[in-house]
Every structure is written in C-alpha cells, then in structure tokens.
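Peer 1: The lines below spell out each chain.
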Amino acid sequence: MNKQRRVMLAVLAALPFAQAFAAVPAGYPASYQAVIDAANKEGKLVVYSTTDTALMQPLLKDFQKMYPAIKLEYNDVNSTELYNRYISETAAGGASADVLWSSAMDLQAKLVNDGYAMKYATPEVKNLPDWAHWRDEVFGTTYEPISIVYNKRLVPAGEVPKTHAELVTLLTKNTAKYKGKVTTYDIEKSGTGFLFVTQDAKVNPAFWNLAKAFGAVDVKLQSSTGGMMERISSGENLIGYNILGSYAITRAKTDPNIGFVMPTDYSLVISRLMFVSKTAKAPNAAKVWVDYVLSRRGQSILAMSADLYSVRKDIAGQASGDYLGRVLGAALKPVAVGPGLLTYLDQAKRLDFIKQWKQALGR
Amino acid sequence: MNALARYGLSRTMVVLVMALAVFMPIGLVLWQSTLNAPFFMPNHAYGLDAFRFIFDDSDFWSALKNTVFIAVSMLVIAVPLGGALAFLLARTDLPCRRPIELMVMVPVFVSPFVLGFGYVVATGPVGFYTLWVQNLIGTVPWNVYSLPSIALIAGLTHVPHVYLYASSALKNLGSDVEEAARVTGASPFEVARRVSLPMVAPSLLYSGVLVFFLGFEIFGLPLILGDPEGHLVLASYLYKLTNKLGIPSYHLMAAVAVCIIGVTFPLVLLQRYLLRSANRYIAVKGKVTRQKRLPLGQWRLPALALVLFWLLVTVIVPLSGITFRAFVSFWGEGVSFAEAFSLHAFVEIWNQPNLLRAVLNSVLIGVIGGGVAVMAYTAIGLASHRKQDGLTRIVDYMVLIPRAVPGLLAGLAFLWVFLFVPGLKEIRSTLISVWLAYMVVWLAYGMRLISSALLQVAPELEESARTLGASAARVSKDVTLPLIRFGLLSSWVLMFMIFEREYSTGVYLLSPGTEVIGSMLVSLWAAGAVDIVAALSLINVALVAIGLAIALKFGVNLHE
Amino acid sequence: MNKSTQHDALHLTVNNLHLQYGDNPILKGVSFTLAPGEVVALLGASGSGKTTLLRAVAGLEHPSQGEITLGKTTLFDGAKDFELAVEKRNLGLVFQSYALWPHRTVFDNVAYGLKLRKVGTEETKDRVSQALKNLGLGHLAERYPHQLSGGQQQRVAIARALVYNPPVILLDEPLSNLDAKLREEARAWLRELIVTLGLSALVVTHDQTEAMAMSDRILLLKDGRIEQAGTPQSLYAHPESLYTADFMGSNNHLPANVVQAEGSMASIEVAGRVLKGVCKGIIQAGKACTALIRLEQVRTNAEGENVIQAELITSMFLGDRWEHLFHLHNGADTIRIRAFGAVPLATGEHQLSFPADALWLFPTA
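Residue numbers (this note's numbering), protein chains in the order written: chain A, 1 to 363; chain B, 1 to 560; chain C, 1 to 365.
It is worth saying that the hints were derived from the structure and are not from the lab.
Hints may contain errors.
[As the list claims (entries may be wrong)] Taking lysine-lysine and the DSSO-like style, the derived pairs with C-alpha atoms no more than 30 angstroms apart in a straight line are:
(1) Lys477/B <-> Lys425/B
(2) Lys425/B <-> Lys61/A
(3) Lys65/B <-> Lys358/A
(4) Lys115/C <-> Lys477/B
(5) Lys65/B <-> Lys179/A
(6) Lys28/C <-> Lys88/C
(7) Lys173/A <-> Lys65/A
(8) Lys349/A <-> Lys65/B
(9) Lys88/C <-> Lys387/B
(10) Lys222/C <-> Lys387/B
(11) Lys126/A <-> Lys61/A
(12) Lys349/A <-> Lys202/A
(13) Lys477/B <-> Lys28/C
(14) Lys119/A <-> Lys61/A
(15) Lys88/C <-> Lys477/B
(16) Lys387/B <-> Lys115/C
Chain A with its partners taken away, still in its complex shape:
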C-alpha cells in the first residue's frame, strides 16, 4: 500500500496543475488573492483531525507544496478528545485549532449548532452535494460507505450477506455457527458506532429485527473498528457489521482473510466534516485549507492515497462517490449534515436509545 501511495505522489507531482503555487486557483474570484496573501501572512495553520497522520501524509505534503508559507500543524486525535480539547481550550481562551475535521458527524454538528463555527461560503461549495454542507459553516469532505466485513476463509461465498435482510436470515438460520462470531460497535463506547446504528434505525424499518438477530447470536460488542477487523481476520469473529468501508478496503489490500460488501438494499454513507473555528487565529489560512481539501486536487489525493471516496460530484473514476453511486445506485444513503444529527446528543434520548438497543440484544 505504501508503494502505491508513493507512486501516486510521483504521478501527482508530475501533473500539469502542480505549478503556479500560491496563485488563485482556477475558477476562483480574483479577490481570492487577498485571502491567500493574508493566509501567507498568518503563516501558521492548526488542524485537529481524527484521521491518522500517516494516511494524510500525501495530502499534507501537497498542501505544503502549494502553500509553502503556511506552516501546517496537523494533530490527529480521536473524536472525543478532539471535541473535548477544542471546547476546553476555547473556554480557557487559549490557542486552539483553526480547523476542526472529524468523522464524528454528530459532535461536529453540535459544535456548529453551538456557534463555534465561522461562516464561510467556500467557492467549492457548488461542487458538493446538498446533503454534504450546512449553513455555509460545515462541509463534508469524504464519501464513506459503511460495510459488512467477513472472514473470507471461514465464511463460504454463498453465505456472504448482500443485504441487511440476508444478514438477518443468515443469522437466524445458522444461529449455532454464528453464535459469538458476529461483531459490531459497542455504541456506549463508540460515538461513531452510535451514530451508525441510530441512522440505521432511521433508514431501515426492519432494523430492530436485525438487532434481535444480533442478540440471538450473542453479538460481540467492541469499541473500535480495528479491534473488530483484527478479530474477523483471525477468525475469532466471522462477520462484522457497520464497519467503515474505507478501513475495510485498506485492510483487505494486505490481509487475505478480509472480505467486505456494501449492502445493496441500502448502505449508509458518512462524511468527515470540516469547519473553521470562529476563534481561529489564522482564519484565512483556514479558508485556504478548506478550499484546498474540497478542491479537485485535494479530493483526488484524499481518494487515491487514503481510500476515502471523493464527496465531489465531478470527479470521475473509481475514487469518487459518483462511481460508487453508479455501482450501488439508490442504495447509498448519505447521512445528511444538519440538525438531524443532534437528536441523540440529548442525554435522555441517547440513554433511551442505548436502553432499547441493549434490550433488543438481550443484555
């Protein structure tokens, strides 16, 4: 995989648009030059992100190449930590991030809703699907379907479920074989897992049947994608539900045990959300960064090097959500960025949902 990335980089470096550094990108208003100048003057940009630094390396390097005057400080932290750090630092009135970029869509939405985001009408917004931005403040940057992951050695091809209904059938018919062998997020420990399941419950009327089927096979709840993936790979578990497709794709490249499917009845799609902090020390650099990540150039690198599909409508090829849409069609159900994400941040509602989930699982 590393090798692939390096090849990609080489290709990118040779691309014709890798010139005219720090000039106004094509299609942007001429006044954008002022933003770039101000950004260069600010000279430093702090990003808090939930995506691994290693995965982002090509993107970061390319940004630096384009804007060498802006020193980029990229901090990767988990989503809860990102949220806590940001609000506590803001409350303490000290330096914090200029840009927040997190896969915890609900927490990002909450920050935006609580007024932490700066309004910014990015020139790129016209290239984003409508569901992927909210109030000119927060923007989706990726297109990540949720998948079912399975162990290729131990789950025969005929048993691999293609839809949610097939999964229910498989588990009810082969309860003995899959007892203790199915895994999904522990929604009490993982905010992402919680988000997925609540979206499931919204989209899928038969969701609670699936939950009951999970209960019947004594589903193993875990706090992380990696943990699930590891156990599926080793054969300790056979099927993993609600695993971020990007991780599955990456892992499957090196691990012959791992297989994955995007369910064809519906596949949830989430997007890493990004916004500029209202209290940003470098608002212009932040804007330049947001525009860069959403640009064709940024999105291409993101898609090719990090197995994250592009959220843009106008990128062709296998790296784009558009491509995925052609394959899976209407089955793709992106989680819309907006106030709907806030529902379960209400303590009572959240605990109610957790209770219902645990009851369905028979815990």
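Chain A is already provided as a structure; the job is to place chains B and C on it using the hints.
Peer 2: Chains B and C alone, transformed into the frame defined by chain A:
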C-alpha cells in the same frame, strides 16, 4: 512567613511545590464531581447530579461488583502464592533461584496493558496457544475473556507484589527458628506453614491490603480482556464514560473517581498503619547473622515445577504471544507463520512520525524524566530527612494522596490543570506535562526508594558534620548525597522501568508531542491497530529488559 | 599543640536542663559545670539520659527548658526559646561509632572542619598532618576508613574533632567500639592525650572503671537526674546512695535487720549474727536495711570483730587473683557472698570479716 522562619526557605519551598502538584489535580477532581457539567462549560452549576447518574446506572454497580470480585480473587490468589514463592526463594535450597528471582519481577515492570494484550494474542479464542491446544486435544479448556479468567490473571500477575514484601521479611528471619522446627520433626512444608510464614504475617497482611488496593485500581487487564464480553471494572467504567453520552461527561467521570478514591484512600491509610505496626510487631526474629537454607529434600523438583509453571503462565505465555504477533501481519485458524511473517509493523513504526516519536519519547521520559524525578524525590526526601516536625508529617501524608488516585484519572486531572492554570498551557503539548503527571502518580513509590536509601545513612554521619560546623544544606551536599549516590542510581534505573511501564496516566494527555509508548498502546488498541500494538509492546518490553539488564549489571536491588 | 594558647579557656555550664521525647521525660533538671582543662564523665546505666545530655550540649537534641552556656555564649536558653544551631556551637564531638565518612579519605575526614572554616589549603594541610601525627596516624592520611582498624578509626574520629581546636570536646562512649583488650590501652592513651593537650572534655560512658580512670569528675546519672557528682575517689569511697554504691563497684548485698543505731554507726543482725556497720542515710532500730560491702573489702580467714562464718562453694581463678564464692545459710534461704583472695582456699567453713567502716548500711526502700 512564620513557616519560613521555622522550617527554612528551601524546605518550605520544596513542600509548597509538592503540595501544588499533589493538590491541584485532586482538588479539580473533587470540585468537578460536585458540578453537573464539565467545569469549563459556561452553564455548569453545583449539584449532585453526577453521583445520582452513576448510582442510577446499572453499569456502575456491575463494575463495582466485578471490581470487588477481582480484588478479592487477587487477594486469595496472590497472597498464598506470593508467600509460598517467597519462602521457596528466600529460605530453601530450590534449584535455579537466581534466574527465577529475576524472572519473578518481570510482571511488576511490564505494563499490565502489554500483558493483557499478550494474553489475548496467546490464549484468546484463536490465540497461538489456543489453536495449538485445540489441535492437540480437540477442545480449549479456557475462556480468557471470562470474569474468572481476568481475576485469575490479575491474581497471578500480582504474585510478585506479595513476594516482594514477604521475601524481604523472610530474609530478615534467622534460620535458627526454622531449624528448631526441623529438629522437632517438622517437614519443610510444615516449617513454612507453622513457623516462617506466620512469623512474617504482618508483611503478608500488608501486601494483602496492597494487592486488594491494586485490585481497585486495575485498568489495563480488564480494559483488554473484559471488552469482548463487556466485563467492566470501575476504572474501565470511568473510561467508558468518556463516550457514553456522546459529549464530554467529565462530571460523571469525576464522580466515579471520587468513588474509587473513597475506597482506595482508606486502604492507603490502612497500609501505612500496617507498615508501622509491622515494624513494631517483629520483636523476636531469631539471629539473622547466620543463615542456612532449608533443604527441601524430595520436594525440590515438585516445588521447582510449580514455580516454573507459574512463570510459564504469567511471563512466558503473554510475552511469547506478543513477540509472535509482532512479526505476523495477520493470523488466525489455518494461517501458517511463514505465510504471515512480516516486518511491516516495525517498518510502519519507523515510517510514522508519531509512532517513532512515541518510542523516542518513552526513552526520554524514562532516562531523563526518571532522572529528574529522582532528583525531585530526593529534594523532598531531604526536606523531611531526620526532621520530626509538622512539615515532615505533612509530607508523609501528601505522599499518600496521589497513591490513591488511579493513573488514568490523574492524567485526566492533569489535563485540566494544564488547560486551566495560566502559564502551564505552553507545556501542555510538551513531554513535560506527561512527566509531571508520571512523577506525581509515582510519588509514593519514588519516595519509598529515596527514603530507603536515606535510611541507609547512619544519623551520626550527618550529625558529626553538623558538629564540625556544617549547615544542614552543607551536610546534605557533602555527606548525605555522596553517601546515597548508589541508592540514587538504583532509584533512577527503577524509575526508568516504572516510567516505561506506565500506560494509563498518559491516556488523556496524549497529543502530538506527548506520545509515549504506554498511552499510544491504549489509543492504538482503541483504534484497532493490533500489529502496531504488538510491535510497540515488544519495543516496550525490550526497553524494560534493557533497564533490567542495567539493574543486574550494577547490582541494583529490584526488590524495593 | 600548645595547651594554654590553642584552647580558649571557657566554662561550660548546664543549668536545670529538661528534655523530653513526646510525653517521655529524659532529662529532669540536670545542672553541672565543666571548667577549662577539666574532664568530666557522664556515667549511668542505659536509659539514664547521659548520651541525651551530651547530645543536648552538642545541639543535636532539643531540650524543653534550662540553659546551656559556653563562656559568654548562650548555646541554649529555654526561657527565651533560643537555640544556637549545632554547626555554630564550635564544639568537638566524637561519636560512639566514630561516624567517619566512608566516601572520604582519612585526610579529607579530618580536614572537613577546617574546610568549613575556610582555612587555606596550605594551612589545612599542615594542621591536618600535625593532628594526624599527634595521634600516630601520619602514614594513614590517604586511606579510607574501612581500611583502618577499630583503634585507628577512633583516632581519626578524635583528630577530626580536635583539628579546629574546639573549646570543649564531647566523647560519646569512646571506648565501647573497641575489643576488650584494646580498650584498656586506649583508655590510657586517651587520658594521656587529654592531659597533654589540656583539653576540656565531657565523656559519656556506662563503665564506671572507664569513668574513674579517665575523668577528673564524675556525674552519675539516674533516670534523667544527677544521682551523685564528685571526684572518682569520692564516688567510689563515699557513695551517698545504694544506687551509687552499687554502680561504682562490685558488692555483696546482705539483707539485715537493724538491732541498734548509735550515731553514724549501727548494729545489725545478718543470718543470726550481729555485725557493725556505717549508716548511710537514716537507719532505725527494728527496721530492715541492706548491708553492702565491696568484694575487695571482705577478708577471708580473719579473726576479731564483725566476723561471720560461711561455707566456701568454689574458687574461681581470675589471673591476678582468686574469687571465692561462699554460701551463708539463713534459715531456708542462702545468702551468697563473694570475696577476693591471693590464694585458693580449701572447701568448707571459713571465717569472713567485714570491716565495720566498709560495711555500708542503706535503708531498705
């Protein structure tokens, strides 16, 4: 000013700094527990909502129940085994005592997180040993994720703690009392049961309380082993609260913390009381001058087999599991080692700046941080050395307070301190923040090292310098410090190993620049990068092994 | 070293000194003075407070009341809550264990006091060499303490305490760490040193022979108070209490009843026989008393007054003399009497005489 005059400037300053480092974080925890929202949120108010919430939460009660179960099991397993091990190694002619004595200490210096991880990859449902046993006998007679297994592993890995105290007490016992029993016709087993162990009963009692106390703080093992079946303990319940409400619930975490401290602090006081009365209790202990080992006779080999079996289960199985896992990129049923062999994890560590930084930082915090910590502990030690006044009593009690606060929590409290105390923000994202937290968390341990070194100095060596005209500070510089320099060096090595081992304190302080292997492991485990976890664990064990080797070379007494 | 010029002639005065550890009183009002050139021994059993007293003078213990002065300098004043720090008292203290610093050579050990007084390198060298030479240690300057014998270590400790010419030197059980054989030699050597250097010294010891041999004056301490003070001879020959008498020598104890008391003498009855003795304290007819006689005062095979008949059980050879053990039958009880003699005696009955002026009568408490 009055205190300045009475106790002297430097002593007062040392104690003041120490008080700040101890009370600020714990004060924040206590205060936070009485609020109904994180203290930095604009809309927080006083109230007991946090306690109400956790007392209403069935998870809390199950965590409490599990914690008590594990703590009691640890007591029941570790005390008899630790006592027996101490008797065999300290008093009898058991073969291979030297290498065993060394191996015994491994679980103390290897992070419980690493051990727990080792058990998963070695004896989990598709662990290396599990698959092997399954091929051999067709079935697997254990389930490492069950609560009794966690308790058993916790018990076995805490045997060294009991061993330490029991063996140092047994070494101070004259062999005449045992020989007297042998002469009257007792077997070695009866000698241990009726004479030697009862004579060190105070030490066993003390270590029992210690183990029970550690049971209440236990985090790494249940975090890893308890996850698949959802067995929570208080510390992992606290960790779980990080995400339960989706938004930070520091008030809930602080409330749990207060509950934990409510149990551990009395236990710490009890330990202190026991330690003091133990010293008084041992009036008769026989003549120590001449020690002869008790011949085990026909029991020699069975006893050795028992000890080796314990070593196999607590040291070799988990560590070999980690080593194996570090060199395969995937594993499972039907996978051959040759097919899966890979150095990918190590290459990855080399290539990822944050992982590489974690390794370097771990070395830094162990070598330099450990050294500076020893200096700080020495300053505190000297401030209360040979002075029986109010200040010394204050120091005595202050040392105990961080002892009662689990590392996970201390790290969280320090995060708050760094965020909200003006002037500290700058060091928040430097390794100093982690070091400071480590130093406070391990204050009691470090102070014990230093004070035992200081106790080796006969008081008249210092008094004679005083009568010759040296001030107290001059005496410290010219007499005390040069005399304890070997003790300080040993403390440095031990602090190095302890700092390498630490994992929970850095969890909440983890940010770019402050990565250490310990907290990276927890974070990577949460993210599921198992092969990296294995490789980092192996590096961590290697660092500890280097510490052990240095300790061995310089004859450092590990049994502190 | 020249005695009159180098040691400042200062009186050490201790007045009504009290000291306690918590609620446990150790010193209950001790007073004495140490004149320049005088050697005073603090003698007492363990727990009598003698070492505490010495350490209080040095400043290592903290008294609760009383005063300590050295010449015009106040070292301690309980009334004013004043205490001069140890290092400012300028006294010399030799510890029981010698307390030599194992990490420094003999030279460095001895030179430390001069270094603290900022004496120049050359002068330090001269004075340390001189001190070491005076004590017969000239050749050992570069050794470390663990390479020395016990006696040599003691001398280094003394050199270290003397090298800066303190007005008073304090010695804590200076001989107790030496072998029995060496001890007598060292005793003589130490006395010689003190006399030739004209030192003022306060010596703590639990051994009355040592105290008598080394000091000009003895303070016998009991339970934190001075039981009796005086020259060694007066303490030995004129004890004022049973305790002092007992402590200072080896004695025979005879339970007795007073028959008749007349002035300073009294008649007593011991095992049916009447003896005469000197009254020490108030002796009344009809009461019980303890008659005490030093072993060396008992004469065997004697005639005349104050004679008692006892049975010789055994004789023990001590080298320079014999010690005889007699039994005196007193009804069902046996009184044991020991005596010295130049020759062994035959077993059987012997006449023992107790000179009346050496038979001390103490009231039984």
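Peer 1: The structure should be examined with respect to each hint, and the outcome stated for every one.
Peer 2: Consistency of the hints with the structure:
1. As the CA atoms of Lys477/B and Lys425/B are separated by approximately 35 angstroms, the hinted pair breaks the 30 angstroms bound.
2. Of the supplied pair hints, the one linking Lys425/B and Lys61/A holds, its CA atoms being roughly 29 angstroms apart against a limit of 30 angstroms.
3. Annotation: proposed proximity of Lys65/B to Lys358/A holds, straight-line Cα distance about 20 angstroms (limit 30 angstroms).
4. Annotation: proposed proximity of Lys115/C to Lys477/B holds, straight-line Cα distance about 14 angstroms (limit 30 angstroms).
5. As the CA atoms of Lys65/B and Lys179/A are separated by approximately 27 angstroms, the hinted pair is consistent with the 30 angstroms bound.
6. Proximity of Lys28/C to Lys88/C is assessed by CA-CA distance (about 26 angstroms); at most 30 angstroms being required, the pair is judged to hold.
7. With a CA separation close to 56 angstroms, the supplied pair Lys173/A and Lys65/A exceeds the 30 angstroms bound.
8. For the hint pairing Lys349/A with Lys65/B, the CA-to-CA distance comes to about 28 angstroms; that is within 30 angstroms, so the pair holds.
9. For the given pair, Lys88/C sits about 19 angstroms from Lys387/B by alpha-carbon distance, which is consistent with the 30 angstroms threshold.
10. Distance restraint check for Lys222/C and Lys387/B: the Cα-Cα separation of roughly 28 angstroms lies within the 30 angstroms cut-off, and the hinted pair is therefore satisfied.
11. Of the supplied pair hints, the one linking Lys126/A and Lys61/A holds, its CA atoms being roughly 26 angstroms apart against a limit of 30 angstroms.
12. Simply put, Lys349/A and Lys202/A have alpha-carbon atoms about 14 angstroms apart, close enough for the 30 angstroms limit, and the pair holds.
13. With a CA separation close to 36 angstroms, the supplied pair Lys477/B and Lys28/C exceeds the 30 angstroms bound.
14. For the suggested pair Lys119/A and Lys61/A, the alpha carbons sit about 27 angstroms apart, so the restraint of at most 30 angstroms is met.
15. A threshold of 30 angstroms between alpha carbons decides the hint, and for Lys88/C with Lys477/B the separation of about 18 angstroms falls inside it, so the pair holds.
16. With a CA separation close to 26 angstroms, the supplied pair Lys387/B and Lys115/C stays within the 30 angstroms bound.
This entry does not satisfy hints 1, 7, 13, going by the numbered hints stated previously.
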